[in-house]
Amino acid sequence: MLMSVGSLAAMGLALGSVLGVASRYLAVEENPIEAELQAMLPGSQCGQCGYVGCAQAAAALAKGEAPVTLCPPGGKATAEALAAKLGVKVDLSKVSDSGPQIAEVTEEICIGCCRCMKVCPTDAIIGAAKQIHNVIREACTGCSSCVDVCPTEALGMMPIPVTLQHWTWPKPASAHN
Amino acid sequence: MKEFALMMIGAALVNNVILARFLGLCSFMGVTTRVDTAAGMGLATTFVITVSSMADWAVQTYLLDAYGLGFLRTVTFILIIASAVQFTEMTIKKVSPTLFQMLGIYLPLITTNCAVLGVALLLVEGRMGFLSATMFAFASSVGYSLVMIIFAGLRERLVLADVPRLFAGPPIAFIVAGMLAMAFMGFSGIATS
Amino acid sequence: MSQSYGIAVAAPHTTTSNNPGRIMTLVMLALAPATLYGFWLYGWPAFFLWAITIAAAMSGEAFSLRWQNRSAAPVLQDGSAILTGWLLAVSLPPWAPWWIGVFGGLFATMLGKQAFGGLGQNLFNPAMVARVALLISFPVQMTAWVAPAPMFSAGAPGMLEGLLIVLKGVPHSFDAVTSATMLGFGKTELSRGINLLESLPHAPALSFIGNRPGSLGETAALLILAGGVAMMFLRIITWHIPLSMLAGIAIPAAILHAVDPSRYLDMGAHILSGGAMLGAFFIATDYVTSPNSPRGQLIFGFGCGALTYVIRTWAGYPEGVAFAVLLMNSMTPIIDTYFKPRIYGRDSKGKPLQTTN
Amino acid sequence: MGFLDRFLKTPSWGVHPEDHKRPAADVALRIFPTPERIFMPLNQHVGGMARPIVMVGQKVLKGQLIAEAQGNISAPIHASASGTISAIGEVTAPHPSGLPFKAITIDSDGADRWIDTDPLVDPFSAAPEEITKRTAAAGVVGLGGATFPAAPKFALGKRLKVKTLIVNGGECEPYLSSDDRVMRDFPEMVIDGARLVMHAIGATEALVGIEDNKPEAIAAMRKAAAAFPEVKIRPLPALYPMGSDRQLIKVLTGIEVPSDARAAETGVLVHNVSTCAAVHKAIRLGQPLVERIITINGGAIANPGNLFAPLGTMIGDLFAFVGLKEAPSRLILGGPMMGTPLLHDRIPIVKGASGILAFNAVEAHVPDAGPCIRCGSCTKACPMGLLPLEMAARIKVGDLEGAEAYALQDCISCGCCAYVCPSHIPLVQYFSHAKGELTAAERTKLRTDATKRLAEAKAARIERENREKAEAAARRKAEREAAKAAAATPATTEKQGVSA
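Quick note, the sequences are listed as chains A, B, C and D, same order. Quick note on my numbering: the first sequence kicks off at 1 and runs consecutively. Quick note on my numbering: the second sequence kicks off at 178 and runs consecutively. Quick note on my numbering: the third sequence kicks off at 371 and runs consecutively. Quick note on my numbering: the fourth sequence kicks off at 728 and runs consecutively.
It is worth saying that the hints were derived from the structure and are not from the lab. Don't take each hint at face value.
[What the hints assert, rightly or not] Distance windows between CB atoms, simulated:
| id | chain 1 | residue 1 | chain 2 | residue 2 | range |
| --- | --- | --- | --- | --- | --- |
| 1 | A | I33 | C | P509 | 53 to 63 Å |
| 2 | C | P444 | A | I126 | 58 to 68 Å |
| 3 | D | G775 | A | I126 | 20 to 30 Å |
[What the hints assert, rightly or not] Some chain D residues flagged as far from chain C (calculated, every beta-carbon gap over 10 Å):
| id | residue |
| --- | --- |
| 4 | P744 |
| 5 | M776 |
| 6 | M782 |
| 7 | W841 |
| 8 | K885 |
| 9 | A965 |
| 10 | L1069 |
| 11 | M1111 |
| 12 | G1112 |
| 13 | A1134 |
| 14 | E1164 |
| 15 | L1165 |
| 16 | E1192 |
| 17 | A1201 |
Here the structure is a predicted model, which means the values were calculated and not measured. Every residue, glycine too, gets a C-beta built ideally from N, C-alpha and C.
Next comes chain A alone, as it looks inside the complex:
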């Protein structure tokens, strides 16, 4: 009895101390992954993911509380990059990548209230009070914040128009035979 207790205790002590020493020598400085994740997010702080901003979303991602598919403006590409970084698998077919979208002003209804300009995270809407506003396509991130504040529903989202340069061949239909 004493022997068995003693031997087990001794072994535990010995192995424990070996591991203790090892942990000192093999210590790794945990790389704060949060910063890296934040760098991958668009940074427009649009809040579509449900978090206040991209930094908070990155923190949630790092803790594993949020799915990598959380960022609608980032689309598939961002989800893929995040998944690769976090080493998780992701079913990208679920990501609603209706193609990146951008906002568009219906000029007939715009009253030039300037509300959309104020909420736009990237200053992509130009115009002045009582003037019809316009969206700079290249700068719009498709966060749709402006759509929510527009009092006349003059703002809507539309897919980025396909151009000759952006057109790609569709995937061949896989014949099952």
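Could you slot chains B, C and D onto chain A? The hints should help.
Chains B, C and D alone, transformed into the frame defined by chain A:
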């Protein structure tokens, strides 16, 4: 010398840990989706099996047998294995954080990988000398790694196949494992001749 | 004038008339002489077993497809199920009972092929999967060989008798003809402590035209070789796998035979007996389960040959081609990954070449 | 010797499609009369779209500049007929999508009056830069199909001190014979153009590679080049894709262009025979690129052959000229191996259009795709040494990165793999799809980065504005305080004491 070679071939191929003894199946199914992950797992497990078997042998011979503490065998073995796994985990985290991430939960789970305890118990049962015990453990784990890598290669191709819904996922993986086991049966009889 | 052409079809807008059905047909034609010779050699039972096996393979394929609500006819037309059944049939003992053929044929196409999604998706050679499954499950039936009893010769079973042999088993009057293949005989004698130098003179005669016990496809080595060479000329297969596989058997055989002729059979015996020829030209060369690059094929072929030799010589089974092919099939994805052809403008590791000036 | 030589030199890659070049190639060149209306697209080249410099209603002469180059890689556009600009609008692009692009419409006056040309009298004593400048001004682009502007390529060759000019007379695409026709009918122009290019880039030799299925072209070119020892005619085995520049360079010089380098970096530059002829016209005659020889071929054409036609002509007008036997089942711009499928015939021909094929139902028949049997035909045919079957399998399941790891980006879309595939899998479409998707992903990433910069800029702006507001408020407050202080001085001193 010839006995050593035969014993090692026997341990690695004929009585393969996975395909003939059906040990370590959880990692066999769990971390064989990519060849490099499977290779990393194989390497880690090889290290754990070899080191812990050596330690187990020593404890068995000089402690348990010497003082008649045979009933403590499982506990002590697990203690040693757990320590070896801890050590491996720290090393991998230091050396290859990517591999650490890919192996995920399966790395600490090497502790409960029955292949590790299984090999240790087998060599105790076999009443082997230190050298042959070490060789046996090493060969067994090489056999384990080999099958892990082969199976991962097959699964990498399997994800490209149009497997019918009925068989998709684990079923076809088990069918492949079965066929692989069948192929390995070709080796049977080698070590005994 | 203006006309719409619907959806655009990507280039190229022209193609060859080649198709999988043509390839399979040519392979079967290449295999036909050896098979016909086998029918003649082993009589009607062999023919019936062959027909039953192919029918089973085709039914297995059709059943699997119908189960998935896919039409079976167009898939069966590609001939791959027939070829699978055919290859399995020629690797069976020619007088095996009908249910061996049925079980094997169904196993080959249903589990060996359709479970993976059909043509091109399977990881193991379906015919060899079925053969190994049969060998493991029914070792007695799978190693009961008959001495040749050429069709129409005295003592050979007639057509009806042949059908009965396949359906009801070999009657007692034919008991005398059961025999062993040379590999099996040598192995049995060795295990009894009789070395090859003493046992071989009593072994079934070995001959290049195959007048000896064995499966349909293994006896007529010359005809198999001719079929294989024909396929090479038709560019259906390349020389890499057959040659390296035969080398894989021949090299260790030659070395070990030189070291100890009393324990190890000579090179000729190894190459000409068993499924070595059939395996090298018709089975290991299966597109789906063999590597793509020439280097990979050389490794694959040599591996098949060497493993065949190892299994024949040291393991429990007298014949190792099927096991060796399955084992190398399992290595194929890894070989494919690590032995890719060199890309234009890159070195063999895939890094861009250095600019010279 | 000859046989062994050919055996050893014949590359291991490539395919031998039936060439279908004759009888169209042997029919004498016909001149297509200028149609009533011409649509000059503004983007007939790789690079920036040209900017129109004419107005609707303006009268132009043939060869007059109507749109100028924009950016470093671009080319100007010239009127291909004399007449009136009737619109600057959109026309369907020769592109599988059928999407429109910008074009200038010219209503021809039927006179075909040229502008006053300004030929360079003695180009070989002029500075090389002069040749490059004039080539650029004439809007010459690579006429083999790539349509890369010629002048920047000259400048690159000059800068990298290219010694060897390769003149590409391969024309390995079946059905096409426009380069063949150029070499047969205008060999002096090609040779002279090649020498001008050599002068422009400072090359010391020119190798003219011509496939040996064009013996007439080889003979004509040999005769024309006889006087110039630095221009060597090199017959090549007829093998598709011999006309691809990397393959041509390897066969002619043995040099293998590294995958991440341009050909010029290895000391060679490739130009098409038609491009050379265009350079000759630009320098010796002062004529900009406004016309080209184009092959009209295919089973649906009544009188197939080569036409000398102004750029911007509608394909339908060309068909009316050569006659259709039946309604085409498929329309292709370029050859059958790499050509662009067109959705209809109201599409203008552009600088890079070497041929228009109208296939009948038999030619257009594409067997249904079957499963891959891993036969490896595609890997044997691939001139780049890629593994098309592995890439396609990965793309099929959506693993684009996996395909990229198999060097998808090295694929030249030559179509050999899909041509030989016994299961008729549309491999090239898989690759084009994947390349497009990967480019789109790359664009999204760039966009995300750009967004981040914009968001940061906005944050900075808001901060600055707030700070300025705060400062302004503080200033105003200080002023108010000061005013108050002026009103009650003793209080201020007290306050100062407190704040100190």
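Going down the list of hints, with the structure as the test:
At roughly 57 Å, the beta carbons of A/I33 and C/P509 sit within the given window of 53 to 63 Å. C/P444 and A/I126 have their C-beta atoms about 60 Å apart, which keeps the hinted 58 to 68 Å range intact. For D/G775 and A/I126, the hinted distance range of 20 to 30 Å is satisfied, since their beta carbons lie about 25 Å from each other. Its closest Cβ contact with chain C, about 6 Å, brings D/P744 to no more than 10 Å, contrary to its assignment away from the interface.
No Cβ of chain C approaches the Cβ of D/M776 within 10 Å, the least distance being about 23 Å, so the stated non-interface status holds. At roughly 29 Å, the least C-beta separation between D/M782 and chain C is larger than 10 Å, which holds for a residue marked as non-interface. The claim that D/W841 lies off the interface holds: its Cβ sits roughly 30 Å from the closest Cβ of chain C, which is beyond the 10 Å cut-off. Every Cβ of chain C is farther than 10 Å from the Cβ of D/K885; the closest lies at roughly 15 Å, confirming the non-interface assignment.
Every CB of chain C is more than 10 Å from the CB of D/A965 (nearest about 16 Å), matching its label as outside the interface. Under the 10 Å C-beta cut-off, the non-interface status given to D/L1069 relative to chain C is violated; the minimum distance is some 7 Å. Annotated as non-interface, D/M1111 brings its C-beta within 10 Å of a C-beta of chain C; the closest such distance is 4 Å. With a closest Cβ-Cβ approach of about 5 Å to chain C, D/G1112 is found to fall inside the 10 Å limit, against its non-interface label.
Some Cβ of chain C comes within 10 Å of the Cβ of D/A1134; the nearest lies about 5 Å off, and the non-interface call is violated. For D/E1164, the condition that its CB be more than 10 Å from all CB atoms of chain C holds, with the nearest at approximately 15 Å. D/L1165, annotated as away from the interface, keeps every beta carbon of chain C farther than 10 Å; the closest lies near 17 Å. The beta carbon of D/E1192 sits about 50 Å from the closest Cβ of chain C, which is more than 10 Å, so the claim that it is off the interface holds.
With a cut of 10 Å on Cβ distances, D/A1201 stays outside the contact zone with chain C, its closest approach being about 60 Å.
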